[in-house]
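Those protein sequence lines, which keep their order, are chains A and B.
Just so we're aligned: the first sequence equals residues 1 to 358 in our numbering.
Just so we're aligned: the second sequence equals residues 1 to 358 in our numbering.
Don't take every hint at face value.
Each pair may be met inside one copy or between any two copies, as identical chains are not told apart.
[To be verified] EDC-like mimics (lysine to aspartate or glutamate), calculated; alpha carbons at most 20 Å apart, straight line: (1) K260 x D160; (2) K260 x D207; (3) K189 x E286; (4) K354 x D207; (5) K189 x D265; (6) K310 x D346; (7) K292 x E192; (8) K255 x D317.
What the hints contain is simulated information worked out from the structure, not anything from laboratory work.
2 protein chains.
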Amino acid sequence: MWYETAVSRILNISYPIIQAPMAGGPTRPGLVAAISNSGGLGSFGAGYTSPDKLRLEIHATRKLTDKRFAVNVFVPETVIRDQDKIKKIIKAMKPYRDRFGLDEQAASEDINLYFHAQIKVIIEEKVPVVSFTFGIPDGEILDMLRSENIKTIGTATTVDEAIELEKKGVELIVAQGSEAGGHRGSFQKDPEHSLVGTMALIPQVVDNVKTPVVAAGGIMDGRGIVASFALGASGVQLGTAFLTCIESGASDLHKEAIIKSNESDTRLTRMFSGKLARGINNRFIEEMEQYKDIVPDYPIQNAFTRDIRKASAESKDTDYMSLWAGQGVRLSRSLPAAELMSILVDQTDEMINKIKDW
Amino acid sequence: MWYETAVSRILNISYPIIQAPMAGGPTRPGLVAAISNSGGLGSFGAGYTSPDKLRLEIHATRKLTDKRFAVNVFVPETVIRDQDKIKKIIKAMKPYRDRFGLDEQAASEDINLYFHAQIKVIIEEKVPVVSFTFGIPDGEILDMLRSENIKTIGTATTVDEAIELEKKGVELIVAQGSEAGGHRGSFQKDPEHSLVGTMALIPQVVDNVKTPVVAAGGIMDGRGIVASFALGASGVQLGTAFLTCIESGASDLHKEAIIKSNESDTRLTRMFSGKLARGINNRFIEEMEQYKDIVPDYPIQNAFTRDIRKASAESKDTDYMSLWAGQGVRLSRSLPAAELMSILVDQTDEMINKIKDW
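Just chain A, same shape as in the assembly (with noise of 0.2 Å):
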């Protein structure tokens, strides 16, 4: 059966369908638990949480479900504090604060300090799967997984990066094609010169690394994951598609926005993170446009924007939000998660059924 693949095995799941990990708020433990009970694995984003947090969510999420989830953490990198830049930077945001009448800017948290601490609370409470973002972890720490059975998943907008992955023994890679929403998982080049699109991504990447592929960027239905599968990946990893199902704990207007939007309406902006990431376009990503040399890297401009983005939440306006979506939009619906795992599922049956008449 198309489901039984190397991701189903080494995941131990029933369908290579990975919820993608999406920091910051979507991934609450209802979703998580919903995908991995419909034979999925969910994934709850830890990038942004705190490690007593995400022992909480974790044992949310158990409460929720016995199936087996992930957690994705954030790679930690060097990070420049360049005074200029960050002098700058909170001048031309300063509009911004004064609207929502938001105090001086405070001092941003090194929330790269989490990733141990996550680490270590991943194994301790034995959590089944990890998967990394931004980078690789060092040997020590994936020595460490493997010793205690946990199974590792690493992400690559590369054929390099995957070579990379594959090198130091990453189980699974999640290979992120261009149309993907939220951040960029690249860490070895420029992000903006390692924006692929999947069609292509794909069988570039698996024609050069054995590990298993899964492919996310722009799928969103069971055409997008034959097509995926056709492309030679043993997966699919889906955002935006889970994003604006019920048990998401993205915004009302965040999931409104991806709903009535269109295939071209998002664009790539560092604004809101320092870091590339995809989202619908909206004022604040066309009037930071100006100041992208200037900006400060992640985590320090995401600490900068995020009273801005919460306050612009708050007073029920989406011009200041990050809208995370990939380029798919058109495709979303608002339905129970457990659902769409079922129509992705059935989909899937019906257009390798169809394939079989041709």
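Using the hints, position chain B against chain A.
Structure of chain B alone, referenced to chain A:
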């Protein structure tokens, strides 16, 4: 069978595989005829070709095949001759002209003037299929083509462009994903905001038009063909894959550059022609990027860079050539076009047989 689709029926060809019209050299009669003789649809990219030359090319192609083939024309647009930009860009490109000992910049002829005369030649020569890029011809021309039973293929990069093509009665729609090499076919919005990956673009276009859709962008082999069909396309259009064929008129330097490139080596640039196009990154693209705000409209800039590109090629120097290529470059091969066609058909058969076992 998989190849009996609306595209094969409308075009009256065996396999719904179209060789993309690549204006400016690659689509020599030998290539066009080889594709058509192999059961696909060869296309002559006539964008830069004078009506007299076009007639000769059609005659030369007819000597090599009695099968149906297409001619592709560029739909003219309003060109603003911004003298300030022109003065500045000529100055900016002076070092390149000096480098190759080229005389004072010649005035640019207006190749947009070719269009109506090209259509006349196409009708007189009873070319069976016409494809369009950069827009939609006016109703009078479409009526004339219809009355001659000449099939029409339009190019869309967004759903709205596809809908407009359908409204005008174009018979097939090529949906060009962001992976595609060469010029973006966008004609409604800024091409930089119409860059949708093939995986996301095809199903969204298919859902919004009744006209059969041909997938383009990043398709290089049987995997891409089956993936495109799974996404809902009724045919595929491949450019880069055919550009490196023996019969292609692309220069050896261009072919070699494609074969040794990888998936993240291409860039989108307006600096060669004034219109956004994807090619392998080189010195010209990198150095000229700083002038992107003063680049004159297509086809003015195209004429301004023509002898620089030519001189660069003659000096066996790829630094200043337009090395158009899509993102599937790792999958490119040097072989006769008929052999590639046969491989594509076999790979598609095999993939479909494989899927029958899923």
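Each hint, compared with the structure:
In this assembly of identical chains, the alpha carbons of K260 and D160 lie at most 20 Å apart only when taken from different copies (15 Å versus 36 Å within one copy). Taking the closest pair of Cα atoms, K260 and D207 come within 20 Å of each other only across two copies (15 Å); inside a single copy the shortest separation is 37 Å, beyond that limit. With identical chains, the CA atoms of K189 and E286 are at most 20 Å apart between copies only, with a shortest distance of 16 Å across copies and 25 Å within one. For the identical chains of this complex, K354 and D207 are inter-copy neighbours only, at 18 Å across copies versus 27 Å inside a copy, given an alpha-carbon limit of 20 Å.
Proximity of K189 and D265 under a CA criterion of 20 Å is satisfied inter-copy only: 11 Å between copies versus 26 Å inside one chain copy. For a Cα distance limit of 20 Å, the shortest separation of K310 from D346 qualifies neither inside one copy, at 38 Å, nor across copies, at 54 Å. For the identical chains of this complex, K292 and E192 are neighbours both inside a copy (13 Å) and across copies (17 Å), given an alpha-carbon limit of 20 Å. For the identical chains of this complex, K255 and D317 are intra-copy neighbours only, at 13 Å inside a copy versus 51 Å across copies, given an alpha-carbon limit of 20 Å.
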